[in-house]
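Heads up: the sequence shown runs through residues 1 to 700, numbered per my numbering.
It should be emphasised that the hints constitute simulated quantities derived from the structure, not laboratory data. Quantities reported herein were computed from a predicted structural model and do not represent experimental measurements. Even for Gly, the Cβ is constructed at its ideal location relative to N, Cα and C. Don't take every hint at face value.
Stated by the list, open to error - The following label-pair restraints were derived from C-beta to C-beta distances: (1) Cys227 / Gly32: 21 to 27 Å; (2) Leu74 / Gln158: 49 to 55 Å; (3) Gln84 / Glu163: 52 to 58 Å.
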Amino acid sequence: MTALVSPAAPAPDDPGFAELASESVILFDMTGRVRYWNPAAEILFGWPPLAIVGRTLAHLSPPADAGGGWRQLLQEGRWQGIVQRRSPAGAYVGAAVRQHVRYHDDGTPRDIVEYGQGVSNGKRPGYPDDQVNDARLAATWEVDISGAWDAIASVAGQHEAFEPAALDSRLRAVVQAARIVEVNDRTARLVGGNRGRGLMVGQSVADFWPVGSRATLGELIVEAACCGTDDAVHRRALASDGILRDPTLSVWRTGSDAEPDRLFVAVNGAADDDRSYPYLRASEARYRKLIHFMPVAFWQVDASRMGKIYAELRARGVTDFERYLEEHPELVELAATTVPVTDVNRSAIQLIGGSNAQDLIQPVGYLFAQSLDSLRRVMIGRFSGRQNYSEFMKVRRLDGRILDVRFSVTYPEPLLELDTTIFSLEDVTDRLRMESQLRQIQADFSHAARISTLGELTSSIAHEVNQPLAAIMTNAETSLRWLARSDIDLEKVRQLTARIAASARRADDIVGRIRGMAAKQPPELVALNLNEVVQESLLFVRHEVDTRAIRVMASYARGLKPVTGDRIQLQQVVVNLLINAIQAVEARGETDREIALATGADPDGVIWFRLRDTGPGVAPEHLGRIFEGFFTTKDDGMGIGLAICHSIVAAHGGSITVENRPDGGAEFRVSLPGETRAARGGQAAERKARTSAPTAPSDD
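Whole structure, please, built from the sequences with the hints as guidance.
The following block contains the structure:
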């Protein structure tokens, strides 16, 4: 015997087609237990699939009609006729049905497919345009009240004993204690946001139920829980809440002895939105597709639990959350182990090295295993009401490899109960490695430029070192002559010896300055007095200035605030500018060879150093290129001196400029941020440099 299936009806093995059918399509096994219940069946009989799948149809039929045409169906493989089934409202609904038996290959009965249409007075009511409108389906919840019995008992049968506010609070507590077992698609679309059904399961009903009707839901849960009649439906009309228009709320027990703590909740009503469900579905599909295929790795995180903790802390008067976390570090660990990742996109899976999304759907702690302080800063940003936050940090892939990433978080809008947070991670490992290599190259060039500068100052260095050495020799010879006399004057010998020691210290200082300038070492950012930096730099070129009869006039500002920088690098800038100025004025007559130095501060806290010379100035066509690498106007120049000066000053957060003076000569100005201003921007940069790039090794 073959199964007889209506050619106009969709195949029940393909739920996608059956979902769209205008006929009721029900699939049940040979014991009458329902395996499938399509949307048209829900509309016809009133029961949502959550409440009916897995149960038998017999409990919906009148006692006299419980058998229906069962015998004929089993004998002939098909049956059609009128059936009566009870709706959630208690009334019986008539339907004209066609039932067909399907068989296994060996000829034994497999299951039964039923197609049905509603009848009233023997006529089919039909559906508008023969379409099953999704908006006609109820938003259905299956709810576990096992944890709510204490709250239910505290209010059951005692409504009159409480003031309205107290009663309202107890009924809300019932909803808070109830947990979601399952919801249908319409519920997820209406109140689940972008998080979907999977996230809602296991959460408190209160997390998703509108605040205005929570007490009403609590009241119906109490009624249904305390009612001894299974399938008795408890119903209330609700006010429009911005989600559904004129909704009706229904609550009933499942009627299963195996699940005494389960209730069904259904809300009927048209969506309070002018957009159609196809539009909403298409919009959601576009959103998910966009996020899924974006090249940036995204994590969707449910931070609702932490949001409630933050609200409680604010209510207790906590305002300095950073200090609170220092005193309660266990709160950071709680966030790491309890805040769940609810969704990730394809790029996130690739970044972390997972095989599928489930590898990453776990508490967020694995993202912060290398930098728990980053999670702490994320929490501070959320508590303080920021819209977003970003920083560089390290993350460990599933294969153990460490990546440098730019981490960004977008917080949910304030005051919204749906607390969906978005994390994004951008892999910058290769970029930071390249930046480190560029910094190393820059350091090498800077070192080469210092060596080149010292080469130009060979005669000055020799002169500077020879002076204390000559003094040492003279004082030592004199001391020996005094010691050779018969009447030794020990006081005179003591004076000569002191002079020898002083000259030796001076020679040591000179060698130390030269060694410091020549050494290849990482920058050391400390608070510096710019006046001292300029004065020490002048010592390098003193012999060059003296031998060329150049007048150097210096004006140092008093009370100058410190700058944050590397002493050797800033000295390199000043020495380079001085050598350029010496070479520029050398061709002038002796009376016109002048260099003027000055330091000062602007009202906005900028500390500056200025150098003026009486040379020929810079050709106008070269002013825009003077700091370019390998650009030079000298026949024997390399074109790296001023370029290195520019890069050093920029690395210190400052600027260097040049202009021609109206009365002749050039003026260079170096501007640096004061220590207070540098601390605001420079400390973050220094943290980034420490965490994201290796420091150049020293060859000292």
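TODO: Determine which of the earlier numbered hints do not hold for this structure and return their numbers in increasing order.
DONE: 3
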